[in-house]
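Following the hints, position chain B against chain A.
This is what each chain is made of:
Protein chains: 2
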Amino acid sequence: MIVARTLAALRDARRDARGPVGLVPTMGYLHQGHLSLVHAAKAECESVYASIFVNPTQFGPHEDFAKYPRDEARDLEMLESAGVSLVFIPSVEEMYPAGDATRISVDALTGVLEGARRPGHFVGVATVVAKLLNAVQPDRSYFGQKDAQQLAVIRRMVRDLLLPIEVVGCPIIRDDDGLACSSRNVYLAPEQRQAALSLSRGLRAAEHAFAAGLRDAEALRTIVRTQILAEPLAAIDYVSLADADSLAELEGSVQGPALLSLVVGFGPTHLLDNVTLVP
Amino acid sequence: MIVARTLAALRDARRDARGPVGLVPTMGYLHQGHLSLVHAAKAECESVYASIFVNPTQFGPHEDFAKYPRDEARDLEMLESAGVSLVFIPSVEEMYPAGDATRISVDALTGVLEGARRPGHFVGVATVVAKLLNAVQPDRSYFGQKDAQQLAVIRRMVRDLLLPIEVVGCPIIRDDDGLACSSRNVYLAPEQRQAALSLSRGLRAAEHAFAAGLRDAEALRTIVRTQILAEPLAAIDYVSLADADSLAELEGSVQGPALLSLVVGFGPTHLLDNVTLVP
Numbered sequence: 001m002i003v004a005r006t007l008a009a010l011r012d013a014r015r016d017a018r019g020p021v022g023l024v025p026t027m028g029y030l031h032q033g034h035l036s037l038v039h040a041a042k043a044e045c046e047s048v049y050a051s052i053f054v055n056p057t058q059f060g061p062h063e064d065f066a067k068y069p070r071d072e073a074r075d076l077e078m079l080e081s082a083g084v085s086l087v088f089i090p091s092v093e094e095m096y097p098a099g100d101a102t103r104i105s106v107d108a109l110t111g112v113l114e115g116a117r118r119p120g121h122f123v124g125v126a127t128v129v130a131k132l133l134n135a136v137q138p139d140r141s142y143f144g145q146k147d148a149q150q151l152a153v154i155r156r157m158v159r160d161l162l163l164p165i166e167v168v169g170c171p172i173i174r175d176d177d178g179l180a181c182s183s184r185n186v187y188l189a190p191e192q193r194q195a196a197l198s199l200s201r202g203l204r205a206a207e208h209a210f211a212a213g214l215r216d217a218e219a220l221r222t223i224v225r226t227q228i229l230a231e232p233l234a235a236i237d238y239v240s241l242a243d244a245d246s247l248a249e250l251e252g253s254v255q256g257p258a259l260l261s262l263v264v265g266f267g268p269t270h271l272l273d274n275v276t277l278v279p
Numbered sequence: 001m002i003v004a005r006t007l008a009a010l011r012d013a014r015r016d017a018r019g020p021v022g023l024v025p026t027m028g029y030l031h032q033g034h035l036s037l038v039h040a041a042k043a044e045c046e047s048v049y050a051s052i053f054v055n056p057t058q059f060g061p062h063e064d065f066a067k068y069p070r071d072e073a074r075d076l077e078m079l080e081s082a083g084v085s086l087v088f089i090p091s092v093e094e095m096y097p098a099g100d101a102t103r104i105s106v107d108a109l110t111g112v113l114e115g116a117r118r119p120g121h122f123v124g125v126a127t128v129v130a131k132l133l134n135a136v137q138p139d140r141s142y143f144g145q146k147d148a149q150q151l152a153v154i155r156r157m158v159r160d161l162l163l164p165i166e167v168v169g170c171p172i173i174r175d176d177d178g179l180a181c182s183s184r185n186v187y188l189a190p191e192q193r194q195a196a197l198s199l200s201r202g203l204r205a206a207e208h209a210f211a212a213g214l215r216d217a218e219a220l221r222t223i224v225r226t227q228i229l230a231e232p233l234a235a236i237d238y239v240s241l242a243d244a245d246s247l248a249e250l251e252g253s254v255q256g257p258a259l260l261s262l263v264v265g266f267g268p269t270h271l272l273d274n275v276t277l278v279p
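Chains A and B, in that order, are what the protein sequence lines are.
Under my numbering, the first residue of the first sequence carries the number 1, and numbering increases by one thereafter.
Under my numbering, the first residue of the second sequence carries the number 1, and numbering increases by one thereafter.
Isolated chain A (complex conformation) (with noise of 0.2 Å):
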């Protein structure tokens, strides 16, 4: 496994990689979420690259940069048992050169949801992903259901910006306990843990619900709400069921595919998880 640390060495390898090349761009401190990313990439490419980027651009001033969870030696093996043949693990500096003044807006799908409670975030997002698809240029490039409003606004960017690449969604893998696998997830007391524990069982019964044929957003979103409050420790952000494609919140009857999704707040840490329902 070739560790790329600068842009040139990164270039130099890439031009001799066996294609189809499958990207899978990471902030490090990887998790089963991650790896599933790998294998749905080695399913598909040839050549599987990973990165591993604490991007700075999409933390707010009062947000978890600086003590973000980091562990390169043990992302390293795990990117290399999954069989992973490059890690492209560039500096600050290499992905934003003194002077840099570009960035990338997907305005319309990010006023709402996580981009309304973090200004700036998607902006962020869009930004360091396009450097990160331009350094590498895969041809497919994977990244978790999880963070379902980030791979809207990645898939929208690529479609806009006609990058000659395929954004693979991939689902939410979870712990055997059902809560969906974070970085974050480090960050919990035991007893939060445990609390967490009402995301994943909160849009479960909601799912029930649709399934039986609830299809009142409201009634849907009160579900999920019901099961969070219960749990003195949480304190939700949002519950929201939105138009999967536009991300418009949904009021009356649901008729296409819509997605319900949450964050929920324990302390300082802020959890995301969803689900999509198809009609």
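Since the hints were made in silico from the structure, they are not lab data.
Think of the CB as a built atom: it goes at the ideal place given N, C-alpha and C, for glycine as much as any other residue.
Just so you know, not all the hints are guaranteed correct.
To give a feel for the contact side, a few chain B residues facing chain A, derived at Cβ under 8 Å [to be verified]:
{"hint": "1", "residue": "Glu63"}
{"hint": "2", "residue": "Ala66"}
{"hint": "3", "residue": "Asp100"}
{"hint": "4", "residue": "Ile104"}
{"hint": "5", "residue": "Val106"}
{"hint": "6", "residue": "Asp107"}
{"hint": "7", "residue": "Ala108"}
{"hint": "8", "residue": "Lys131"}
{"hint": "9", "residue": "Arg156"}
{"hint": "10", "residue": "Leu163"}
{"hint": "11", "residue": "Val167"}
Rough simulated footprint, nothing fancy, chain B against chain A, three-plus residues with beta-carbon under 8 Å [claimed, not checked]:
{"hint": "12", "segment": "41-48"}
{"hint": "13", "segment": "107-113"}
{"hint": "14", "segment": "158-172"}
{"hint": "15", "segment": "252-266"}
Away from chain A, derived, C-beta distances all over 10 Å, residues of chain B [unchecked claim]:
{"hint": "16", "residue": "Val54"}
{"hint": "17", "residue": "Met157"}
{"hint": "18", "residue": "Ala195"}
{"hint": "19", "residue": "Ile223"}
{"hint": "20", "residue": "Gly252"}
Relative to chain A, chain B alone:
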């Protein structure tokens, strides 16, 4: 010469192109300035592609998008004679698919000069150039120095987004009387065109004074302004002397490469010209 009107047709042809590929993006209604870009590309690239696309997103609501001059048949003849191997002529729908929401900004360079006068213009330029570069995937792309701020914005964007493309800036081409070639020159009445010669005359006068040792920024701008103010048909939008890299306006003594640029209106027609002064 292949004429590709869809992305699919472009990509089919691009797959078989002999490299390196040079791209000359244009808005059509070609003149000697455009042809000089084609010649520069021919000298360096195995295959030369051109694009013709009048980009709606870089025109303001009161600008001349609808009546921007167009003559596709003549453009195609000129490009074929010049040895271009493919012309990409997409529709607006091909470049901006339904739901298009992605925009690229290079704010540090676009709050001044043309950017200050035309809000949103350079977001439109950066976005469409990124789309064209992603669609064509050239090794090099050629732009005229006449649109100096545009060239600076594109250079910065390509660098910041880590695009593996060389941006080549080419010298301004002038008619025999000194007027910089522009598709918009066709709008000029004969007496306006006569008055417009004051632009290059003013720039040349300042260039001579600079060569003779004059370094004071305001004195250099005044030389240009004086020439243009002598023409009653000319209305100065601005005369600027700015750092060639940051585009920050200069005061006092010029120490490094500086862009002496201007925009002057003749009725509704605004003409650009510039020269770079290197101490």
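So, going through the hints one by one against the coordinates:
no.	hint	verdict
1	Glu63	violated (22 Å)
2	Ala66	violated (24 Å)
3	Asp100	holds (5 Å)
4	Ile104	holds (5 Å)
5	Val106	holds (5 Å)
6	Asp107	holds (6 Å)
7	Ala108	holds (4 Å)
8	Lys131	holds (5 Å)
9	Arg156	holds (6 Å)
10	Leu163	holds (5 Å)
11	Val167	violated (13 Å)
12	41-48	violated (count 0)
13	107-113	holds (count 3)
14	158-172	holds (count 6)
15	252-266	violated (count 0)
16	Val54	holds (17 Å)
17	Met157	violated (5 Å)
18	Ala195	holds (36 Å)
19	Ile223	holds (30 Å)
20	Gly252	holds (23 Å)
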